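Colleague: Chains as they are written, first to last, in the numbering used here: chain H, 149 to 355; chain X, 187 to 380.
Some hints here could point you the wrong way.
Quick list of the computed label-pair ranges, beta carbon to beta carbon [claimed, not checked]: (1) D355/H <-> R272/X: 29 to 37 Å; (2) E315/H <-> L380/X: 47 to 55 Å; (3) R228/H <-> S298/X: 36 to 44 Å; (4) E309/H <-> R248/X: 25 to 33 Å; (5) E355/X <-> M221/H: 34 to 42 Å; (6) T297/X <-> Q319/H: 18 to 26 Å; (7) R272/X <-> P250/H: 13 to 21 Å.
These are calculated hints, taken from the structure and not from any lab test.
As the structure is a computational prediction, the values presented were derived from the model and not from experiment.
Built from N, CA and C at the ideal position, the CB exists for glycine as well.
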Amino acid sequence: MSIMELNGGSVVAMVGKNCVAIASDMRLGNQALTVATNFEKIFPVTERIYLGMAGLATDVATLRERFRFRVNMYTIKEEREIEPETFAHLVSSTLYERRFGPYFIEPVVAGLTSPSKGSQPFIAAADVIGCLNFAKDFVVCGTASPELFGIAEGLWEPDLEPEELFETISQTLMNAIDRDAFSGWGAVVHVITPEKVITRTLKGRMD
Amino acid sequence: MECQFALTGKGYVIIAADTTAARSIVKMKHDEDKIKALGSHLLMSYSGEPGDTVQFAEYIERNIRLHQIRYLHPLRPSSAASWIRRQLADSLRSQSPYAVNLLIGGYDVATSEPHLYWIDYLGTIAHIPFAAQGYGSYFVLSLLDRYHNPEASLEEGLDTLRRCIAEVEKRLIVALGKFKVKIVDKDGVREIEL
Numbered sequence: 149m150s151i152m153e154l155n156g157g158s159v160v161a162m163v164g165k166n167c168v169a170i171a172s173d174m175r176l177g178n179q180a181l182t183v184a185t186n187f188e189k190i191f192p193v194t195e196r197i198y199l200g201m202a203g204l205a206t207d208v209a210t211l212r213e214r215f216r217f218r219v220n221m222y223t224i225k226e227e228r229e230i231e232p233e234t235f236a237h238l239v240s241s242t243l244y245e246r247r248f249g250p251y252f253i254e255p256v257v258a259g260l261t262s263p264s265k266g267s268q269p270f271i272a273a274a275d276v277i278g279c280l281n282f283a284k285d286f287v288v289c290g291t292a293s294p295e296l297f298g299i300a301e302g303l304w305e306p307d308l309e310p311e312e313l314f315e316t317i318s319q320t321l322m323n324a325i326d327r328d329a330f331s332g333w334g335a336v337v338h339v340i341t342p343e344k345v346i347t348r349t350l351k352g353r354m355d
Numbered sequence: 187m188e189c190q191f192a193l194t195g196k197g198y199v200i201i202a203a204d205t206t207a208a209r210s211i212v213k214m215k216h217d218e219d220k221i222k223a224l225g226s227h228l229l230m231s232y233s234g235e236p237g238d239t240v241q242f243a244e245y246i247e248r249n250i251r252l253h254q255i256r257y258l259h260p261l262r263p264s265s266a267a268s269w270i271r272r273q274l275a276d277s278l279r280s281q282s283p284y285a286v287n288l289l290i291g292g293y294d295v296a297t298s299e300p301h302l303y304w305i306d307y308l309g310t311i312a313h314i315p316f317a318a319q320g321y322g323s324y325f326v327l328s329l330l331d332r333y334h335n336p337e338a339s340l341e342e343g344l345d346t347l348r349r350c351i352a353e354v355e356k357r358l359i360v361a362l363g364k365f366k367v368k369i370v371d372k373d374g375v376r377e378i379e380l
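Sequences and hints are given; from them, build the entire structure.
Modeller: Shown next, in the form of structure tokens:
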């Protein structure tokens, strides 16, 4: 059993028309035993950037704290908010620092560029040592990533409005985690638009 | 074969831990206290590698007390749990990691809410209404799924706890003897007889 499958969990992010969505399940397990059903894996980095992390839960918490520190330092020094692409590179370098003793997480970044840069949608994912993937459509990570890839490929289409994107990402996640034993117990979806972020909790198969 | 569980209720957290200290087939002690009071309104039960457990628990206890001496105000349960988790997470990738699992129960005097945290030796943290560590969790978690009531009175909570202990006594292959039960509520930390 791989260390990445100890706690379970999955995250997916998708691009829409002037919006992005990021969603994850809520399970925290210890192999087959479910320990918590309220384990959030997605965190706001700024108002317009959200970071999701699947993998070993202790590293999810540790990295959440490290990124919070690094982004705060960036904001203080640069006197402006960090851009999504810059943040993705920050994630990458933080992970590569531990190249030969890595953090066991796969991060997913979803956000909109600042208004001065046109509020463009942005998503990215990385592996455990920070190799970035700048997808144009969707990114997936976690124990249900094979399932997520399959469904996302089928359901995603370009230029989905925020409401449509919410439906698409929700269906993608719900059906994928239903097929994965280590993910599930509910889901949370964040849809990020230039005006606001809409967060919805989904109730699926609670098993 | 150690067993701990905890549950929250209306204005309290109950933590129960077995009192057996054993090595291989020998039960050395039957009155071991595995629940430490970290502060006026904070309890921590621990289990895991013998030696690591007490070393880590005392280290945490002293540092929480130091914080209170330095800053006058005691740490709130969420802050204490976060700090304790950080100690375990830092220890994980060190030369000799602590192999200790914890349940941290506290009463936040600022918001008058009880809080319970499950922390394992890796530094995984879960903020949940009821929790268990050890083999007992396989028996007790499903019972608590069914019978736990977050708004229960203390008496109801203790009844649920008795149910859990009865189940462990019945179905766990090792006889664990008495359980030590401690409660934290607005009046602080106290031990009770079930």
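Colleague: Provide an ascending list of the numbers of those earlier hints which the structure does not satisfy.
Modeller: 4, 5, 6
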